[in-house]
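Novice: Line by line, the protein sequences give chains Y and A.
Taking our numbering, the leading residue of the first sequence gets 7, the next gets one more, and so forth.
Taking our numbering, the leading residue of the second sequence gets 26, the next gets one more, and so forth.
Keep in mind that a hint or two might mislead.
Unchecked claim - Distance condition first, Cα-Cα at most 20 Å in a straight line; then the derived SDA-like pairs of lysine to any residue:
{"#": "1", "chain 1": "A", "residue 1": "Lys57", "chain 2": "Y", "residue 2": "Leu154"}
{"#": "2", "chain 1": "A", "residue 1": "Lys43", "chain 2": "Y", "residue 2": "Ser416"}
{"#": "3", "chain 1": "A", "residue 1": "Lys43", "chain 2": "Y", "residue 2": "Glu419"}
{"#": "4", "chain 1": "A", "residue 1": "Lys57", "chain 2": "Y", "residue 2": "Glu261"}
{"#": "5", "chain 1": "Y", "residue 1": "Lys275", "chain 2": "Y", "residue 2": "Val245"}
{"#": "6", "chain 1": "A", "residue 1": "Lys226", "chain 2": "Y", "residue 2": "Asp253"}
{"#": "7", "chain 1": "A", "residue 1": "Lys227", "chain 2": "Y", "residue 2": "Glu391"}
{"#": "8", "chain 1": "A", "residue 1": "Lys43", "chain 2": "Y", "residue 2": "Arg474"}
{"#": "9", "chain 1": "A", "residue 1": "Lys225", "chain 2": "Y", "residue 2": "Glu261"}
{"#": "10", "chain 1": "Y", "residue 1": "Lys460", "chain 2": "Y", "residue 2": "Ala585"}
{"#": "11", "chain 1": "Y", "residue 1": "Lys452", "chain 2": "Y", "residue 2": "Tyr506"}
{"#": "12", "chain 1": "A", "residue 1": "Lys77", "chain 2": "Y", "residue 2": "Arg474"}
Claimed, not checked - Computed footprint of chain Y on chain A; a stretch qualifies when at least three of its residues, placed anywhere within it, have a C-beta under 8 Å from a C-beta of chain Y:
{"#": "13", "segment": "140-151"}
{"#": "14", "segment": "264-273"}
Calculated from the structure, these hints are not laboratory results.
Source: prediction; values computed, not measured.
A virtual CB, placed ideally from N, CA and C, is assigned to each residue, including glycine.
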Amino acid sequence: MSPLFMSLMLLAGWGIFIWSAKRRWVLMNIGPAEPRWDQPGRRLALTLKFAIGQARMPRYGWSGVAHILVFSGFLVLLLRSLILWGRGYDASFNLFIFGPEQPLGMLYAIFKDTFALLVITGVLIFAYYRGIKKLPRLTHTTEGMIILVIIFTMMVSDILYDAAHMVRSGAYHRIEYAGYLLSGLLKQAPDGGLAILEQLGFWMHSGLVLLFLNLLPYSKHFHIITALPNVFFQNLQPVGRLTPIHDMEGRIEREEPLGTSQIDHLHWKHLLDLYTCTECGRCSDMCPANRTGKLLSPKHLTIHLRDHLYSHQKEVLQLDSSTGGDTKTPSRLSAAPLVSNELIKPEVLWACTSCRACEQECPVFITYVDKIVDMRRHLVMERSEFPEQLQNAFRGLESSGNPWSYPPDSRLEWAEGLNVSSAAEKPDFDILYWVGCAPAFDARAKQTAAAFAKLLNHAGINFAVLGREETCTGDAARRAGNEFLFQMLAQQNVETLNRYQVKKIVTTCPHCFNTLKNEYPDFGGKYEVVHHTDLLADLVQHGKIKPTQSIEQNITYHDSCYLGRYNEVYDAPREILRAIPGVQLVEPELTRDRGMCCGAGGAQMFKEEEHGQLRVNQERTRQLLKVLDEAPQRGGCAVATACPFCMTMLSDGLNDRERSEVQQLDVVQLLAKSTGL
Amino acid sequence: MRILTIVKQVPDSNATIKIAASGTAIETAGLKLVMNPFDEFAVEQAIQLREKGQPVEEIVALTIGDDKAAEILRTALAMGADRALHVCDPTLLSHDEVYLAEILALAIQKQPQPFDLILTGKQAIDMDAGEIGPALAEFLNRPHVGAVVGLEISGKQLKARRRVEGAEEYMEVELPALLTCEKGLCEPRYPSLPNLMKAKKKPLDTLKAADLPGVEKISRRSELVAMQPPAARKGCKFVEGEPAQMAKELVRLLREEAKVV
Numbered sequence: 007m008s009p010l011f012m013s014l015m016l017l018a019g020w021g022i023f024i025w026s027a028k029r030r031w032v033l034m035n036i037g038p039a040e041p042r043w044d045q046p047g048r049r050l051a052l053t054l055k056f057a058i059g060q061a062r063m064p065r066y067g068w069s070g071v072a073h074i075l076v077f078s079g080f081l082v083l084l085l086r087s088l089i090l091w092g093r094g095y096d097a098s099f100n101l102f103i104f105g106p107e108q109p110l111g112m113l114y115a116i117f118k119d120t121f122a123l124l125v126i127t128g129v130l131i132f133a134y135y136r137g138i139k140k141l142p143r144l145t146h147t148t149e150g151m152i153i154l155v156i157i158f159t160m161m162v163s164d165i166l167y168d169a170a171h172m173v174r175s176g177a178y179h180r181i182e183y184a185g186y187l188l189s190g191l192l193k194q195a196p197d198g199g200l201a202i203l204e205q206l207g208f209w210m211h212s213g214l215v216l217l218f219l220n221l222l223p224y225s226k227h228f229h230i231i232t233a234l235p236n237v238f239f240q241n242l243q244p245v246g247r248l249t250p251i252h253d254m255e256g257r258i259e260r261e262e263p264l265g266t267s268q269i270d271h272l273h274w275k276h277l278l279d280l281y282t283c284t285e286c287g288r289c290s291d292m293c294p295a296n297r298t299g300k301l302l303s304p305k306h307l308t309i310h311l312r313d314h315l316y317s318h319q320k321e322v323l324q325l326d327s328s329t330g331g332d333t334k335t336p337s338r339l340s341a342a343p344l345v346s347n348e349l350i351k352p353e354v355l356w357a358c359t360s361c362r363a364c365e366q367e368c369p370v371f372i373t374y375v376d377k378i379v380d381m382r383r384h385l386v387m388e389r390s391e392f393p394e395q396l397q398n399a400f401r402g403l404e405s406s407g408n409p410w411s412y413p414p415d416s417r418l419e420w421a422e423g424l425n426v427s428s429a430a431e432k433p434d435f436d437i438l439y440w441v442g443c444a445p446a447f448d449a450r451a452k453q454t455a456a457a458f459a460k461l462l463n464h465a466g467i468n469f470a471v472l473g474r475e476e477t478c479t480g481d482a483a484r485r486a487g488n489e490f491l492f493q494m495l496a497q498q499n500v501e502t503l504n505r506y507q508v509k510k511i512v513t514t515c516p517h518c519f520n521t522l523k524n525e526y527p528d529f530g531g532k533y534e535v536v537h538h539t540d541l542l543a544d545l546v547q548h549g550k551i552k553p554t555q556s557i558e559q560n561i562t563y564h565d566s567c568y569l570g571r572y573n574e575v576y577d578a579p580r581e582i583l584r585a586i587p588g589v590q591l592v593e594p595e596l597t598r599d600r601g602m603c604c605g606a607g608g609a610q611m612f613k614e615e616e617h618g619q620l621r622v623n624q625e626r627t628r629q630l631l632k633v634l635d636e637a638p639q640r641g642g643c644a645v646a647t648a649c650p651f652c653m654t655m656l657s658d659g660l661n662d663r664e665r666s667e668v669q670q671l672d673v674v675q676l677l678a679k680s681t682g683l
Numbered sequence: 026m027r028i029l030t031i032v033k034q035v036p037d038s039n040a041t042i043k044i045a046a047s048g049t050a051i052e053t054a055g056l057k058l059v060m061n062p063f064d065e066f067a068v069e070q071a072i073q074l075r076e077k078g079q080p081v082e083e084i085v086a087l088t089i090g091d092d093k094a095a096e097i098l099r100t101a102l103a104m105g106a107d108r109a110l111h112v113c114d115p116t117l118l119s120h121d122e123v124y125l126a127e128i129l130a131l132a133i134q135k136q137p138q139p140f141d142l143i144l145t146g147k148q149a150i151d152m153d154a155g156e157i158g159p160a161l162a163e164f165l166n167r168p169h170v171g172a173v174v175g176l177e178i179s180g181k182q183l184k185a186r187r188r189v190e191g192a193e194e195y196m197e198v199e200l201p202a203l204l205t206c207e208k209g210l211c212e213p214r215y216p217s218l219p220n221l222m223k224a225k226k227k228p229l230d231t232l233k234a235a236d237l238p239g240v241e242k243i244s245r246r247s248e249l250v251a252m253q254p255p256a257a258r259k260g261c262k263f264v265e266g267e268p269a270q271m272a273k274e275l276v277r278l279l280r281e282e283a284k285v286v
């Protein structure tokens with residue numbers, strides 16, 4: 007071949023790529039420090055499972071399968087590209103051990119051809135979804151199609167090169183079967199033509215690889231490089247824990263930001279997320295806000311942030327060279343505010359229910375909820391701009407310790423006549439029942455609290471409640487962006503819990519559960535926290551609670567996001583329902599880690615829903631009714647929940663759809679009924 | 026233009042009120058105290074006048090009350106007032122609002138510069154007397170418009186809108202004037218965190234009642250003699266059964282028990 011031409015091509019290809027990559031590297035590091043080297047073993051295992059092993063891909067059916075084909079093909083064919091580059095210098099170059107007569111080379115030949123064909127299959131599936139089916143979740147650009155054409159051509163040119171080479175040299179390696187099969191067609195071709203085909207195949211493949219490499223940093227296909235580190239450096243903290251802002255008063259003194267208002271407030275891992283987004287749209291496809299016509303689409307949020315970041319590359323690079331690599335000096339960017347009508351509209355941020363369906367789906371572990379909350383933090387704490395209904399909740403939390411401003415003295419009204427003691431009255435309790443605001447004050451959720459207390463007493467559990475000493479955990483305030491208020495409530499509650507030397511806590515609310523379990527350790531509150539369904543399932547299993555009365559109903563269980571996706575409690579509520587005689591459990595299409603949000607999370611409970619085509623709870627109710635209506639009809643049917651907010655949203659949904667004959671109960675109420683309490 | 030807002034610390038509207046052993050005061054231990062919501066409108070309106078381009082040189086928040094009352098002055102400062110004045114003397118505390126207005130008038134007159142506009146709530150939600158505004162206007166000899174829901178200022182002319190039964194009234198007064206604020210005038214803001222921090226550094230001056238010239242001549246005109254909780258409401262009675270039966274029973278109850286038909 008031509009060593010000079012190959013050298014020029016490699017030099018240009020790699021040179022330009024390194025230049026591009028270095029610029030992206032500088033850009034990625036404009037934000038604050040973020041250590042992500044802890045637990046390297048666990049990180050490696052996750053990378054092997056989710057990046058190399060593509061474990062999240064099959065969730066999305068054939069496009070996931072196609073991706074596995076193309077991805078594994080790329081891994082296998084990396085070696086082939088190296089070999090071909092080497093052949094630019096020495097036509098018989100085979101990386102020393104991969105010659106066609108050597109065992110490894112023969113093995114590799116089978117692999118190479120098989121995976122080349124699999125990549126072609128994958129590309130054809132992609133092209134079908136992109137070009138013919140025009141999947142709405144995808145971003146339909148020429149770039150997407152061009153990339154597919156390049157990949158396709160790379161594969162075909164490689165096979166073509168093999169085939170032409172075989173005919174010309176007369177060395178038919180049957181083991182390179184794709185090339186061998188094609189060579190049969192080329193045998194009659196004149197040698198001049200064959201030489202052109204061989205050269206064409208060779209240079210197309212080895213050149214396209216370099217062209218492809220150079221397109222990566224400027225396209226969504228950057229993920230081919232960034233996905234691996236993005237999975238490796240993923241957040242290993244509990245997913246239910248938002249990062250606290252420490253020393254808020256000091257930050258204000260020093261004029262440091264309290265949330266994200268500029269692109270350089272995002273740390274390098276957040277920016278790596280932006281580089282890594284492939285615009286596959288699985289996130290938005292599963293997003294309850296997007297599904298019901300709200301402005302929020304997680305995919306577009308990422309794209310808008312990324313495009314905005316890229317538009318500042320020039321400025322960052324100038325800053326980088328003028329400060330000798332120190333882009334971290336204060337007020338480094340003249341960047342426009344992120345949250346504005348031109349960039350990220352406030353309505354986009356306020357539509358998020360923090361349900362994490364997007365994060366659960368993302369194959370490369372991009373996070374959204376933390377970024378959205380960080381922008382809300384800026385809006386609430388620095389700009390004091392938020393949906394006005396939230397002010398009632400904030401004020402209620404400040405003055406009365408609950409978002410509805412009920413008098414704290416009435417926290418135990420639900421427990422009248424139920425033999426429930428406060429921690430002050432009974433300091434030697436084994437387990438603290440953290441009631442939560444909704445079960446303490448909301449008329450329907452109070453019945454959940456009462457049923458739970460009856461079951462605890464029935465099972466002989468030595469428990470106590472905090473009564474008027476309990477205040478909201480601050481979940482809604484925190485997710486609304488009011489970190490200051492959250493920390494005030496958290497500190498107060500941790501102080502109370504530690505004063506009573508609480509070891510174990512049970513809650514009837516998944517939001518309290520998540521905050522107590524995953525967020526209070528940051529504030530000195532370390533307890534064993536269980537959800538009521540976990541505790542009850544255990545009591546049923548050990549015969550302490552015996553559900554004997556039959557409930558002849560079809561029941562569908564709606565997964566609470568903060569119980570399911572956030573804390574992986576999927577089985578306990580189902581085990582309880584299955585233990586009740588007569589109950590037929592039916593599953594909706596979107597269930598367990600794909601269960602759709604009721605619409606209340608992320609402080610939505612305390613504000614009007616953003617404008618859309620329909621309400622999230624109406625859509626979720628439709629899905630639940632669908633499975634109930636399709637099941638063989640029996641004595642009646644019910645929607646079971648394990649969260650007071652889901653309860654409110656779904657009862658409203660059933661009312662809206664005029665289906666009040668469908669019961670809506672907490673799992674604990676059904677269990678109490680079946681136990682005869 | 027210099028604006029004075031007068032604010033009062035009151036129990037939170039959701040707090041459970043208990044009468045103290047003395048029988049003439051409420052139990053304050055553990056009671057959540059906030060700025061009177063109508064006074065919040067006054068502070069918010071003052072800040073909005075500045076934000077909307079009126080030449081406002083200074084916004085001052087003034088309260089009369091015990092040590093704790095300084096908390097709501099910090100709230101007013103966090104919302105956007107420039108400085109605060111606290112007339113602090115526990116012996117002054119009284120439910121006689123005309124008496125309080127007279128002391129406030131002394132404190133206001135003692136200020137080196139006069140105020141062009143005085144804003145306060147139309148009433149305080151604890152005692153619901155509604156006297157501070159009109160009484161203070163009298164003592165300061167200024168025009169007063171009560172329960173204002175809209176406000177326009179051009180130069181020295183002030184046009185205030187207020188709601189009356191079935192209509193709206195527009196009143197014109199010349200500054201200096203005193204207005205009391207009604208719900209609907211504006212939406213009080215939720216102070217941002219940096220502003221809460223800045224409020225800690227804004228000047229808050231405390232005046233002792235004894236420092237006010239002429240205070241010795243003022244005396245209370247009324248005295249609170251006793252407080253009683255309202256009688257507990259009787260529970261509702263539900264009539265059950267078939268519709269016809271229920272109607273019959275309802276009529277019987279209204280006639281025989283309630284004696285209204």
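Novice: Can the segment 264-273 of chain A be counted as covered by chain Y under the rule of three residues or more with Cβ-Cβ separation shorter than 8 Å?
Specialist: With 0 residues closer than 8 Å to chain Y, the segment 264-273 of chain A misses the three-residue bar; violated.
Novice: Would you check the hint for A:Lys43 and Y:Glu419, treating anything up to 20 Å between C-alpha atoms as holding?
Specialist: Within the cut-off at roughly 18 Å; holds.
Novice: Okay, the segment 140-151 of chain A and chain Y, do three or more residues pass the C-beta test at under 8 Å?
Specialist: violated (count 0)
Novice: Assess, step by step, whether the Cα of A:Lys77 is no farther than 20 Å from the Cα of Y:Arg474, and give holds or violated.
Specialist: violated (44 Å)
Novice: Check whether the Cα positions of Y:Lys452 and Y:Tyr506 lie no farther apart than 20 Å.
Specialist: violated (24 Å)
Novice: Tell me if the straight-line CA distance from A:Lys57 to Y:Leu154 falls inside 20 Å.
Specialist: At roughly 65 Å apart (the allowed maximum being 20 Å), Y:Leu154 and A:Lys57 break the hint.
Novice: Given the hint that A:Lys227 pairs with Y:Glu391, does the C-alpha gap stay at or below 20 Å?
Specialist: violated (23 Å)
Novice: Holds or violated: are the alpha carbons of A:Lys57 and Y:Glu261 at most 20 Å from each other?
Specialist: Violated, at roughly 32 Å.
Novice: Does the alpha-carbon distance linking Y:Lys275 and Y:Val245 stay inside the 20 Å limit?
Specialist: Within the cut-off at roughly 16 Å; holds.
Novice: Check the hint pairing A:Lys225 with Y:Glu261 against an upper bound of 20 Å on the C-alpha distance.
Specialist: Holds, because 16 Å separates the two Cα atoms, which is no more than 20 Å.
Novice: Hint check: A:Lys43 vs Y:Arg474, CA-CA at most 20 Å. Holds or violated?
Specialist: holds (16 Å)
Novice: So if I understand the rule, the pair passes when the alpha-carbon distance is 20 Å or less; does A:Lys226 with Y:Asp253 pass?
Specialist: holds (18 Å)
Comparing the model with each numbered hint stated earlier shows that hints 1, 4, 7, 11, 12, 13, 14 do not hold.
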